[in-house]
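Protein chains: 4
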Amino acid sequence: MMKLSRSLLSRNLSYEKRLFGEAGDVRDALCLHVFAFQSGISTATRDFSLNVASKGNSAARVYAPYTVYKGKAALSVAPILPSFTKLDSGTFRVERQGVMLLTIWPSIGERKYDWERRQRFALSATEVGSLISMGPTTSSEFFHDPSMLSSNAGQVRKSLKIKAFSDGTGYFISLGVANNILKSNEQFVVPITTAEFTVMKTACSFVLPHLMGWDRVTNQSEPVDIVGKLSKENSQLLDSEWDK
Amino acid sequence: MMKLSRSLLSRNLSYEKRLFGEAGDVRDALCLHVFAFQSGISTATRDFSLNVASKGNSAARVYAPYTVYKGKAALSVAPILPSFTKLDSGTFRVERQGVMLLTIWPSIGERKYDWERRQRFALSATEVGSLISMGPTTSSEFFHDPSMLSSNAGQVRKSLKIKAFSDGTGYFISLGVANNILKSNEQFVVPITTAEFTVMKTACSFVLPHLMGWDRVTNQSEPVDIVGKLSKENSQLLDSEWDK
Amino acid sequence: MMKLSRSLLSRNLSYEKRLFGEAGDVRDALCLHVFAFQSGISTATRDFSLNVASKGNSAARVYAPYTVYKGKAALSVAPILPSFTKLDSGTFRVERQGVMLLTIWPSIGERKYDWERRQRFALSATEVGSLISMGPTTSSEFFHDPSMLSSNAGQVRKSLKIKAFSDGTGYFISLGVANNILKSNEQFVVPITTAEFTVMKTACSFVLPHLMGWDRVTNQSEPVDIVGKLSKENSQLLDSEWDK
Amino acid sequence: MMKLSRSLLSRNLSYEKRLFGEAGDVRDALCLHVFAFQSGISTATRDFSLNVASKGNSAARVYAPYTVYKGKAALSVAPILPSFTKLDSGTFRVERQGVMLLTIWPSIGERKYDWERRQRFALSATEVGSLISMGPTTSSEFFHDPSMLSSNAGQVRKSLKIKAFSDGTGYFISLGVANNILKSNEQFVVPITTAEFTVMKTACSFVLPHLMGWDRVTNQSEPVDIVGKLSKENSQLLDSEWDK
Numbered sequence: 000m001m002k003l004s005r006s007l008l009s010r011n012l013s014y015e016k017r018l019f020g021e022a023g024d025v026r027d028a029l030c031l032h033v034f035a036f037q038s039g040i041s042t043a044t045r046d047f048s049l050n051v052a053s054k055g056n057s058a059a060r061v062y063a064p065y066t067v068y069k070g071k072a073a074l075s076v077a078p079i080l081p082s083f084t085k086l087d088s089g090t091f092r093v094e095r096q097g098v099m100l101l102t103i104w105p106s107i108g109e110r111k112y113d114w115e116r117r118q119r120f121a122l123s124a125t126e127v128g129s130l131i132s133m134g135p136t137t138s139s140e141f142f143h144d145p146s147m148l149s150s151n152a153g154q155v156r157k158s159l160k161i162k163a164f165s166d167g168t169g170y171f172i173s174l175g176v177a178n179n180i181l182k183s184n185e186q187f188v189v190p191i192t193t194a195e196f197t198v199m200k201t202a203c204s205f206v207l208p209h210l211m212g213w214d215r216v217t218n219q220s221e222p223v224d225i226v227g228k229l230s231k232e233n234s235q236l237l238d239s240e241w242d243k
Numbered sequence: 000m001m002k003l004s005r006s007l008l009s010r011n012l013s014y015e016k017r018l019f020g021e022a023g024d025v026r027d028a029l030c031l032h033v034f035a036f037q038s039g040i041s042t043a044t045r046d047f048s049l050n051v052a053s054k055g056n057s058a059a060r061v062y063a064p065y066t067v068y069k070g071k072a073a074l075s076v077a078p079i080l081p082s083f084t085k086l087d088s089g090t091f092r093v094e095r096q097g098v099m100l101l102t103i104w105p106s107i108g109e110r111k112y113d114w115e116r117r118q119r120f121a122l123s124a125t126e127v128g129s130l131i132s133m134g135p136t137t138s139s140e141f142f143h144d145p146s147m148l149s150s151n152a153g154q155v156r157k158s159l160k161i162k163a164f165s166d167g168t169g170y171f172i173s174l175g176v177a178n179n180i181l182k183s184n185e186q187f188v189v190p191i192t193t194a195e196f197t198v199m200k201t202a203c204s205f206v207l208p209h210l211m212g213w214d215r216v217t218n219q220s221e222p223v224d225i226v227g228k229l230s231k232e233n234s235q236l237l238d239s240e241w242d243k
Numbered sequence: 000m001m002k003l004s005r006s007l008l009s010r011n012l013s014y015e016k017r018l019f020g021e022a023g024d025v026r027d028a029l030c031l032h033v034f035a036f037q038s039g040i041s042t043a044t045r046d047f048s049l050n051v052a053s054k055g056n057s058a059a060r061v062y063a064p065y066t067v068y069k070g071k072a073a074l075s076v077a078p079i080l081p082s083f084t085k086l087d088s089g090t091f092r093v094e095r096q097g098v099m100l101l102t103i104w105p106s107i108g109e110r111k112y113d114w115e116r117r118q119r120f121a122l123s124a125t126e127v128g129s130l131i132s133m134g135p136t137t138s139s140e141f142f143h144d145p146s147m148l149s150s151n152a153g154q155v156r157k158s159l160k161i162k163a164f165s166d167g168t169g170y171f172i173s174l175g176v177a178n179n180i181l182k183s184n185e186q187f188v189v190p191i192t193t194a195e196f197t198v199m200k201t202a203c204s205f206v207l208p209h210l211m212g213w214d215r216v217t218n219q220s221e222p223v224d225i226v227g228k229l230s231k232e233n234s235q236l237l238d239s240e241w242d243k
Numbered sequence: 000m001m002k003l004s005r006s007l008l009s010r011n012l013s014y015e016k017r018l019f020g021e022a023g024d025v026r027d028a029l030c031l032h033v034f035a036f037q038s039g040i041s042t043a044t045r046d047f048s049l050n051v052a053s054k055g056n057s058a059a060r061v062y063a064p065y066t067v068y069k070g071k072a073a074l075s076v077a078p079i080l081p082s083f084t085k086l087d088s089g090t091f092r093v094e095r096q097g098v099m100l101l102t103i104w105p106s107i108g109e110r111k112y113d114w115e116r117r118q119r120f121a122l123s124a125t126e127v128g129s130l131i132s133m134g135p136t137t138s139s140e141f142f143h144d145p146s147m148l149s150s151n152a153g154q155v156r157k158s159l160k161i162k163a164f165s166d167g168t169g170y171f172i173s174l175g176v177a178n179n180i181l182k183s184n185e186q187f188v189v190p191i192t193t194a195e196f197t198v199m200k201t202a203c204s205f206v207l208p209h210l211m212g213w214d215r216v217t218n219q220s221e222p223v224d225i226v227g228k229l230s231k232e233n234s235q236l237l238d239s240e241w242d243k
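Residue numbers (numbering that gives the first Met the number 0), protein chains in the order written: chain A, 0 to 243; chain B, 0 to 243; chain C, 0 to 243; chain D, 0 to 243.
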């Protein structure tokens, strides 16, 4: 069982807060997913995304989570790319790291799932490294405190556990959220086959350099989107998503 | 031996039906392969493909299967990319998942193969994950019912088995199709060396994120083809392929 | 020790003949490498390359072999990409498979190597698969007959052997060319460390889908160069290389 | 423990000297990183970079190191891409190999690090191969002499050691610089978890073909930046970075 150092927690947690707001804000599942996938959207005024097409106003935002539906819950995995800040020198610096977003929501009947009760966990690049390095018999455990940098520190505690089956044919992925403020305690468990976990590991290995921004370092000849125009575009998109 | 849960079968099977029609429709091998590789062609009116060039009317469709010819049969592997739907918000959502298409057809003499008797098996992303995770001594087995969502459910049964040689120097890939309607029972077996299987695993690992659409998530600055124009292009192509 | 089936030999051998002519034709090392890397150059009139830039007349040909210099010989590895044929339907089909080109040439003194005595071996995609699947204690052996499809069949025999050190710290790569016509028998051996072999395996895994043309299948939105113009460009380049 | 042959040292060392000047020259951390990432900047007049955008004067330089902060020191890893020379024939040849740049700098208090005392180590492609091939119990050691090709040869000695924990849960990465001229001896040690090392290995595997220039061989349709204009651009950038 591997536990990650708490020195890395604060970054993930304030990130989740900033990106998703309070639990329950988003009514439409599609809105949430699209919002989550728009890397670069933040309250910082000089925040740029190098992930949106630069040709005029058309941006290609793509919604492609890998989702598995099981008896007790469903689990969805998708990358959220980093955002960049442009320095005066013209160089782009990573503003917000990319993450791998896990979402789990419970089953409420035969082939029916309750999206409203979803819980999320945003894996950092290093936590993704932990997942990639897992073998058929190892386990990993990650702890996040979404309120770590605020006055509510310690009130909400999220834990993600990936535990191998004893026979090596799969893993249990369980996400627990203990919320002292709401007096709630959610626990979701999803069994994952070796094949499904291989898909996740392979896709994570593919996307990890993108979460780190290294695809931008190696691909410097690609067009880069311009500031202000991008923020307005994303704002409009966001409004239209929220009104659905 | 690993058997995949039947909860994933229906999606693959209706997909194969929709893409390929009844067995025997396509007379020209090249037509079939090209048709198969045109991701995004479906009867849905708002079905888009993000895989076709956006510059004017020129689209770069590429035919590049990995094929091995053995004594009793030949086997061909090629990716079919996913298709996307454009939402009102401008976001693209995966409409139809990508698959890895396996085609096997029997030998009828020295260096002669009967393309007309080919059988196909479309591996989903998760089934590809199963293939990638195979070691030198493991085996996998997949079952598809192409008619699962129709009145003919249970009448046609496809099984793909990948079984390791006992000495670890290769695998048998066997595809069986039992058809109660046609009263036929085809069984093809192709021995694959470790080297050939490594090519398949490496190529599958490369293409898996593309089957999932994750290359589109990470590569948002690439041009995206526009709806209507795309459908007409593909229709014309399709007609010309069928008439050959 | 793995020996590849001879059924795959003919393709590689006529390919080497067509691409490189007789041993000794090329006087300038750079010429040879550049010629070798211009995928798509062949005597076929309708042979296209999808690897050359389509913007006007500027094509980005890149010369970037991975080379190691050892006491007795030097070894160089570089990919040669496939070439494509355009069908009437507008679809591109692989015309000539890509290969991984190994070149070995002997040392003739302290830090001096004799490029004129170089020997080449072009690994097919499947042979690259064999290399990628090698562990620290395995060995591989490949046999090519460059004259297999001609009247000189059996007169020239090339063998490439990759044999692990007994202590697992590296490999011997030896290339032997027995030529009954020239009455010559060249044998070159290069010791490769585990680190150097890891570079080759990693680079081979990266480039294998490109050798198969699968990067073209997944990247259909990239511009494609036009026929006639390409052939003339490459011809001019070739002449200028030969005259150096 | 693996020691690399000294025959490869000279290339790395003169490279580090040429790129970074004497220790202590750069006052601003960001300057150094940006300078380091501008592949292609050298004193050679005909040195080109294929890594800078070709559209007009806008170049997308991206600063995205993977950094871990530990108790005694911080460690940063980032790729520096190769630079290319354009031959008269129009072919591009690798001028300077790419490297993976490791930077370590010491802690001077709670969450405080002294950038001024940083030390760097530039891993060649082969040394990156060594890192990628490491298992949970192996170790690697590399030696560089930055002054090898000058009159100060032997006066400065850098060693980078990557040593696995005995329980297989991580590695110590230690960088030592013994400088006889300055009479100094710096030693930095950073403990790395298995997860963090997996991120480095995965990112290194991704970037290795780019360090070798093989992404340029496989991606020949991408635009290529023009000579003279590039050098002037980079010079201006460099001046502005140094004056910060």
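The hints are simulated quantities; they were obtained by calculation from the structure and are not laboratory data.
Keep in mind that the hints are not guaranteed to be accurate.
What the hints assert, rightly or not - Some chain A residues judged to face chain B by a derived CB distance under 7 Å, without partners named:
#1 V61
#2 Y62
#3 Y65
#4 K160
#5 A163
#6 F164
#7 G167
#8 P190
#9 T193
#10 E195
#11 T197
#12 V198
#13 T201
Note that CB positions come from ideal geometry on N, CA and C, so glycine has one too.
These are the hints, each one checked on the structure:
no., hint, in the structure
1, V61, "holds (4 Å)"
2, Y62, "holds (5 Å)"
3, Y65, "holds (6 Å)"
4, K160, "violated (21 Å)"
5, A163, "violated (14 Å)"
6, F164, "violated (13 Å)"
7, G167, "violated (11 Å)"
8, P190, "violated (10 Å)"
9, T193, "holds (6 Å)"
10, E195, "holds (5 Å)"
11, T197, "holds (4 Å)"
12, V198, "holds (4 Å)"
13, T201, "holds (5 Å)"
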